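Protein chains: 2
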Amino acid sequence: MKNKPIGVFDSGLGGLTVVKALKEILPNESILYFGDTARLPYGVKSRDLIIQYSMQIANFLIKNDAKMIIVACNTATAMALEVLKNNFKDIPIIGVIEPGSIQASLDSKSKKIGVIGTVATINSKAYDIALNLVDKEIQVFSKECPLFVPFVEEGMVEGEAINLIVEHYLSSFKNNIDTMILGCTHYPLLKPVIKDFVKDINLVDSASAIATHAKSILIKKSLMSEVVNSNELECFVTDLPRKFEKLGEIFLGETIKQPQLIDDF
Amino acid sequence: MKNKPIGVFDSGLGGLTVVKALKEILPNESILYFGDTARLPYGVKSRDLIIQYSMQIANFLIKNDAKMIIVACNTATAMALEVLKNNFKDIPIIGVIEPGSIQASLDSKSKKIGVIGTVATINSKAYDIALNLVDKEIQVFSKECPLFVPFVEEGMVEGEAINLIVEHYLSSFKNNIDTMILGCTHYPLLKPVIKDFVKDINLVDSASAIATHAKSILIKKSLMSEVVNSNELECFVTDLPRKFEKLGEIFLGETIKQPQLIDDF
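Here the protein sequences line up with chains A and B, keeping their order. Taking my numbering, the leading residue of the first sequence gets 1, the next gets one more, and so forth. Taking my numbering, the leading residue of the second sequence gets 1, the next gets one more, and so forth.
Everything labelled a hint here was simulated from the structure, so no lab data went into it. Hints may be right or wrong, so weigh each one.
No copy is singled out in the list; a pair is fine if it fits within one copy or between any two copies.
With a straight-line Cα cutoff of 25 Å, these simulated PhoX-like cross-link-like pairs (lysine-lysine) come out [to be verified]: (1) K143 with K243; (2) K143 with K246; (3) K125 with K243; (4) K215 with K4.
Small disclaimer: the values here were computed from a predicted structure and weren't measured.
The shape of chain A in the complex, shown without the other chains:
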């Protein structure tokens, strides 16, 4: 069991920021990554659909020997994590929201925390609930930012246009909060422009937070790989494998072996 891979999934490329963080702190682990590129974006879909898609993908990863599943998508975590945990009780399943919330509560002094994400993530109030489970006194200020994902996917992560969009979405946060959760796995690529605008506000990137959390779970369950530097990454996508391979580099920071196309979902 120990030497089996960790399964990670997201609606598309964004979850590769989580893979990047995992590779850094868990160099002995192999990873199966599933990007549901035929059905992205999840952030504008209903709860029912996201649960249905997440169940299919978790099934696929388990059939392919995953010893643990990381839901590297904020929307899927918000909508489907509890259902996944109830349906697959034999392996640990973790999502990005809880580790990000814990990290933010540690970083915040004022207990006023901002959360940005997709429409579905923000409407679900999953971060509000998670943050208040950590500390009832935390005040949550949230904002949906639907144009951030298309800007990242267009590669427009700097320049006047994205600066205006950052200002449009984030102006209300200034002077209100001391910590902000980047509640979407695409957003780490906007960290420089967001930081430039919000200045002194701490930014919590949930990719690093979940990687640290994954490591602690593996240790607790005695599931750490014993293969030194195995660190293999195998990717599966539901559409456009070559596009994934090409753009994936931007998210992962290294080249990607061409993913397998899974087209029978």
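Fit chain B to the given chain A structure using the hints.
This is chain B only, laid out in the frame that chain A set:
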């Protein structure tokens, strides 16, 4: 047969701009509209997937008595129109690309025509082919504009940010062309900001062009409805019917009866 409805489909809301044009020039026709909201956007997907989705939807519309099908989506027209025509030979099936191309060739004096659209539409070169079928001497200048759809769906159809994006995509067209095809059914909502930037360039809105074409086909095939002012619109969506109902008003310019959710695709 005559009094049966016209079937119209699109990946989401955009095709309602075609419905609006149809209602204006064909007030006696009833319309079935199918918006594939669970699987939008089509513009970033592969040809195989778009053909599969379009076939499912055409089947659905025919089972629901459509006497004609209008593919009110540029991407689906580019990728799937020929396959649809070959598979359903009993009723007329028309797409947005040919009527838009004919209109543009009539409007252009310099025979230098610009086309803007999604990544999939532009990569397919469907407009290049259609325009050169009309007139071999036409020179086509095309540009993919992937941020236009998210801006329209966010309702940001005016202001500094969209002006910058318009400039970013359309600068190269200035002084090159005298006519530009808005090759995506979302783009008519950006007509004012685009016109403001490109000034003297004629804009061809394929929604009006296809409505006129549909009328001529109905007359030719003796399929015009004899029910005076029937003009009913029934909508079907694959996800989030209430959101469709709410946002649909912006595209249609009038209120929409709540659509039926089709979730067995």
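- Identical-chain pair category, K143 with K243, by Cα at 25 Å: between (30 Å within a copy, 19 Å between copies)
- Which holds for K215 with K4 at a C-alpha limit of 25 Å: within a copy, between copies, both or neither? within (15 Å within a copy, 62 Å between copies)
- Query: Between copies, within a copy, both or neither: which fits K125 and K243 at Cα up to 25 Å?
  - Reply: between (33 Å within a copy, 18 Å between copies)
- Message: Checking an output row: K143 and K246, CA cutoff 25 Å. Within, between, both or neither?
- Response: between (31 Å within a copy, 20 Å between copies)
Of the hints listed earlier, there is not a single one the structure fails to meet.
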